[in-house]
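*Asks:* Chains as they are written, first to last, in the working numbering: chain A, 1 to 240; chain B, 1 to 261.
No lab work stands behind these hints, which were simulated from the structure alone. Honestly, I wouldn't trust all of these hints.
[Unchecked claim] Here are some of the chain B residues that sit facing chain A, going by a computed Cβ distance under 7 Å:
#, residue
1, R3
2, V12
3, P95
4, L96
5, V140
6, V258
[What the hints assert, rightly or not] Straight line, CA to CA, 25 Å or less: simulated PhoX-like cross-link-like pairs of lysine-lysine:
#, chain 1, residue 1, chain 2, residue 2
7, B, K17, A, K116
8, A, K209, A, K222
9, B, K44, B, K112
10, A, K103, A, K116
11, A, K118, B, K44
12, A, K118, A, K103
[Unchecked claim] According to the in silico footprint, chain B covers these stretches of chain A (three or more CB under 8 Å from chain B):
#, region
13, 65-77
14, 94-100
15, 169-179
Backbone N, C-alpha and C define an ideal beta-carbon position, used for all residues, glycine too.
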Amino acid sequence: MKKYKAVTALDGLSLVVRRGEIYGLLGPNGAGKTTAIQILMGVLTPSGGDVRVFGLSPFKDRHRLAGRVNFSSAYVQLPFNLSVVQNLDIFARLYGVPDRAAKIGSMLDSFRLADKAKARTGSLSSGEQTRLNLCKALLNDPELLFLDEPTASLDPDIADLVRTALQGFQRQSGLTIVYTSHNMAEVEALCDRVLFLHRGKAITEGTPKEVANRFEKDNLEKVFIHLARTGDVMDAQTIP
Amino acid sequence: MTRALAIVRRYVLIHLKSPARLLDLFFWPVMELFVWGFLSLYFKDANLDTTGRLVVTLINALIFWDVLYRSQQALSLAFMEELWTRNVLNFLISPLRTWEWVVGAYLYGLIKTGIIVGVLFILATFLYAFDITTLGLYFVPICANLLIFGYSMGLFTTGLLLRWGHSAEALIWGVPFLIQPFSAIFYPVSVYPGWLKPVVWILPSTHVMESMRAVLNTGVFPWTSFLTALILNVGFTIFFSWFCLRMLERGRSTGQLVRLT
């Protein structure tokens, strides 16, 4: 649970993410997706309840967890005043990445940024910055990756490149991903399971197909629209 | 320590890549040196320098003030840098520990302060025939106490930034100037009215500056003043560290910390 003075951002949320799955946190703006991710990352303390990541508290055991986890968001940037390589090098040092140069090179290749290695980060397009954030997020070979709308500013071509790269990393390393996105087609393509949130409450959970079937809709986009418009009614219900 | 050094690297790289920042590093201290240097020369020419030590006292005072000011700025500006570049969250979720970031920012401050002090000494020597050997090795304990006090004030102003974010930006420049008039930087404690002296003596910087004047006037370093300043510094550092950590935890709870990004 997370309560601010007048607002309940998360209310009785309970979720379990399985190792190696891509888990989508979905819902309209203000549903509590980012709040949930911030609590799971240990940067926002909940008002009540218990949070465990790999059996550890993200607050008390933050330093034991930090090297196993990483994060990327379209809304958080890397310092604009350093070059691409310099930024990645700093984070590689912070995460204790062995053979930094090779790892950075392979990340830049994976996200088609090799030709921008020496460019100033502030000079990159928003799509390139998003890909750079993903390079940072995968530098330490995390076991758990939090992605908050990672493809929000990408054109369809690059968004597809990012999805393919993420799926590749996920298959290769068994990476667990907690994912938020407003692109429902992308969520269907990527996520093993999804949880719909509305006004801080869990509305429904399951595979994209199960959720669509549960609401007798063709796809998640229609479920999203249905839940966004009738969410107040759904709030009273528990997860079916 | 590797992570603290990565932080030093980050801030040094920012300076190396920005001519504006490099210029800013030297601009204000050098301008201040000109003002105080020429003022003391004027006093000397007008026969107002009765002790014959005015130039050396004022220039030493200016340089030591800069040590205090720059060390306070080191931590606050390092944190501001993360706010400006929206990088706070990336650091918060990384394995970087709070103390590692603080040590990194302190080391970066030490490098910056060392360079500025070096440049000021050289300029003062050439422009005002300033003798850099006047304080001898006592320069080290004087600087050490000022660095510690500056760093502890940096913790305080960083706490203010954590609490109020960008709205507290002006305070990081202003806080040192709140203590400057009461630290006996450019004049001795004897000029303060009696009722103000208890306040003045609470500041470690007052004891340090009085030590400097004592060495210049008598050649003897008052170790009691040094120890008093050190004890006060320990007290300030503990209190301001607590304040800063309290603001960090508060930020985690209220969501202010993630809003800073």
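*Asks:* Determine for every hint whether it applies to the structure shown.
*Replies:* Tested hints:
A least Cβ separation of about 5 Å between R3 of chain B and chain A falls short of the 7 Å threshold, and the interface hint therefore holds. Using the Cβ-Cβ criterion of 7 Å, the hint placing V12 of chain B at the interface with chain A is not satisfied: the shortest such distance is roughly 11 Å. For P95 of chain B, the shortest C-beta to C-beta distance to chain A is roughly 4 Å, which falls under 7 Å, so the interface hint holds. The beta carbon of L96 of chain B comes within 5 Å of a beta carbon in chain A, closer than 7 Å, and the hint placing it at the interface holds.
About 31 Å separates the beta-carbon of V140 of chain B from the nearest beta-carbon of chain A, more than 7 Å, and the hint is not met. Nearest Cβ of chain A to the Cβ of V258 of chain B: about 5 Å, under the 7 Å cut. The hint holds. Simply put, K17 of chain B and K116 of chain A have alpha-carbon atoms about 17 Å apart, close enough for the 25 Å limit, and the pair holds. The hinted pair formed by K209 of chain A and K222 of chain A meets the criterion: a straight-line CA distance of about 12 Å does not exceed 25 Å.
Distance check on the hinted pair: K44 of chain B and K112 of chain B sit about 32 Å apart at the alpha-carbon level, beyond 25 Å; violated. Simply put, K103 of chain A and K116 of chain A have alpha-carbon atoms about 16 Å apart, close enough for the 25 Å limit, and the pair holds. Taking the CA atoms of K118 of chain A and K44 of chain B, the gap is about 54 Å. The hint is violated against a cut of 25 Å. For a cut-off of 25 Å, the pair hint linking K118 of chain A to K103 of chain A stands: about 16 Å separates their Cα positions.
Closer than 8 Å: that is the beta-carbon criterion, and the region 65-77 of chain A has 9 residues meeting it against chain B, so the requirement of 3 holds. Counting residues of the region 94-100 of chain A whose beta carbon lies closer than 8 Å to any beta carbon of chain B gives 3, which reaches the threshold of three, so the coverage claim holds. Check on the region 169-179 of chain A: 0 of its residues sit with their Cβ under 8 Å from a Cβ of chain B, so the three-residue criterion for coverage is violated.
Figure legend: structure checked against the earlier numbered hints; hints not met, in rising order: 2, 5, 9, 11, 15.
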